[in-house]
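Participant: Take a look at the letters that make up each chain.
There are 2 protein chains.
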Amino acid sequence: MFQGDVQTSRGVSERGFVLQVEDRTVPGVLWQPEGAAGTRPLVLLGHGGSGHKREDYILALARRLVRHQGFSVAAIDGPMHGDRRADGGLDRDRVWEERQSRRGSVDQTDAMVADWRAALGWLQDELGAGPVGYWGLSMGTVYGLPFVAAEPRVEAAVLGLMGVAAAPVEDVYRERMRARFGHDAPRISIPVLFLVQWHDELVPRDDAINLFGLLGSERKAMHVNVGRHAAVPAIEYDASERFFEELLAPAPVGA
Amino acid sequence: MFQGDVQTSRGVSERGFVLQVEDRTVPGVLWQPEGAAGTRPLVLLGHGGSGHKREDYILALARRLVRHQGFSVAAIDGPMHGDRRADGGLDRDRVWEERQSRRGSVDQTDAMVADWRAALGWLQDELGAGPVGYWGLSMGTVYGLPFVAAEPRVEAAVLGLMGVAAAPVEDVYRERMRARFGHDAPRISIPVLFLVQWHDELVPRDDAINLFGLLGSERKAMHVNVGRHAAVPAIEYDASERFFEELLAPAPVGA
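So the sequence lines, in the order shown, correspond to chains A and B. When the letters of the first sequence are read in order and numbered with my numbering, they come out as residues 101 to 355. When the letters of the second sequence are read in order and numbered with my numbering, they come out as residues 101 to 355.
Mixed in with the good hints there might be a few duds.
Unchecked claim - The following label-pair restraints were derived from C-beta to C-beta distances: (1) A:E134 - B:D225: 52 to 58 angstroms; (2) B:E275 - A:G327: 31 to 37 angstroms; (3) B:H299 - A:R167: 50 to 56 angstroms; (4) B:T125 - A:L302: 53 to 59 angstroms; (5) A:D210 - B:S109: 55 to 61 angstroms.
As the list claims (entries may be wrong) - Far from chain A, some chain B residues (derived; all Cβ distances over 10 angstroms): (6) A136; (7) D187; (8) W222; (9) E255; (10) P268; (11) I309; (12) S317.
Honestly, the hints are just simulated from the structure, not real lab data. A quick note: this is a predicted structure, and the numbers were derived from the prediction, not measured. Beta carbons are placed, not taken as given, at the ideal position from N, Cα and C, and that holds for glycine.
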């Protein structure tokens with residue numbers, strides 16, 4: 101259900117929501133053109149590790165998709181992130197450390213896939229069922245790639261800043277992801293834009309390129325830029341917007 | 101010197117030229133906005149193997165850069181290609197076979213670099229010295245990458261559909277290119293957009309990615325698309341135009 105008041109900023113209205121999925125309380129946020137009525141494309145944004153549903157680049161991308169394209173945009177907090185935590189998850193270092201300490205013990209993927217699918221269902225009940233896109237890098241791909249593989253309503257996805265080794269690895273977390281991606285990536289058939297950072301200090305470039313290769317999509321493109329993990333250049337946010345514009349727009353006449 | 105009449109098509113004027121460089125007669129073509137006056141950005145187009153200076157995708161790219169951006173655009177025929185041949189070089193298979201049969205024996209690179217530099221000098225004499233870009237894939241990179249490395253007047257380049265092995269290879273032609281690119285690529289410091297085809301049947305993708313890695317540019321991006329060597333999607337021509345627009349435009353006020 102929606103929670104709290106509608107906040108409006110330069111033509112973009114924003115409203116929180118909260119869903120109950122199994123035993124989990126899932127906090128989310130929805131952005132729309134001010135005074136929006138009628139069904140329009142919806143883009144789901146998956147934030148990165150130690151971030152949250154309203155961190156700077158998520159908020160900026162949401163607002164530009166609303167302002168430039170007239171889309172609806174939604175984000176939910178990831179497991180152990182944001183408002184799923186008592187402390188609100190604004191202390192990045194603390195969130196990062198807790199996640200790292202638990203990453204070998206619990207696989208949150210199935211739960212997060214279920215949370216996204218529930219959120220999409222609820223959003224379509226509220227807003228109508230228009231074209232759907234997904235955008236998520238790094239942890240946004242860890243959970244987003246399996247979500248996209250499982251969810252036929254998603255028609256286009258921007259993924260990246262993640263990879264898998266070509267051969268088995270000893271690290272439990274990485275090996276589990278390798279198995280999961282090895283199963284899910286070939287099942288993806290929608291258009292994908294995949295982003296890679298050439299100097300990524302967290303994801304070896306060969307692993308990222310390998311993951312791109314595993315994607316089953318007939319149409320897929322990989323954009324590789326120089327710089328470290330978090331240094332995705334502004335030009336790729338432009339490219340993301342164009343990608344969704346091409347594949348999800350135009351909005352229906354009623355929008 | 102210019103050769104032949106000016107032909108005009110929907111706002112684009114086109115005129116042939118021919119230059120004498122050492123013992124070589126170099127045929128070229130210049131495209132400009134109809135009635136152009138004043139200095140404007142200039143983009144040089146290097147065609148691919150078995151093609152020529154006015155083949156379909158070269159002509160299409162030239163016209164869009166003139167029409168959308170108001171740039172000047174020029175192309176010259178490569179060694180053993182186009183109007184450098186008595187037969188005009190329109191029989192692709194014949195040109196391809198002759199080039200393949202000679203590719204181990206003569207290195208045309210230094211000559212083509214000299215031809216491009218002479219053409220650029222003559223064009224700037226005629227048109228004024230505005231910002232300069234280079235675009236060339238496949239054979240357009242075989243010659244274009246050394247040209248860009250040698251020519252400080254070029255400010256931005258689109259390269260690709262070419263690669264080098266990471267280790268020495270037995271093939272004489274490929275080994276010579278490996279040595280040449282190994283020397284030249286790190287010396288390139290201008291922004292580069294580098295295009296790769298994931299299913300390239302002529303250039304192994306690992307070699308292409310390796311060549312991207314060798315480029316010395318602080319700003320470089322690699323766009324990888326699915327499909328074979330010649331199947332570069334239209335979206336990358338859009339990207340090429342945007343790249344030059346960002347880096348070479350706006351045209352000076354006098355344009």
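Participant: Can you name, in rising order, the numbers of the hints this structure does not satisfy?
Facilitator: Structure breaks hints 3, 11, 12.
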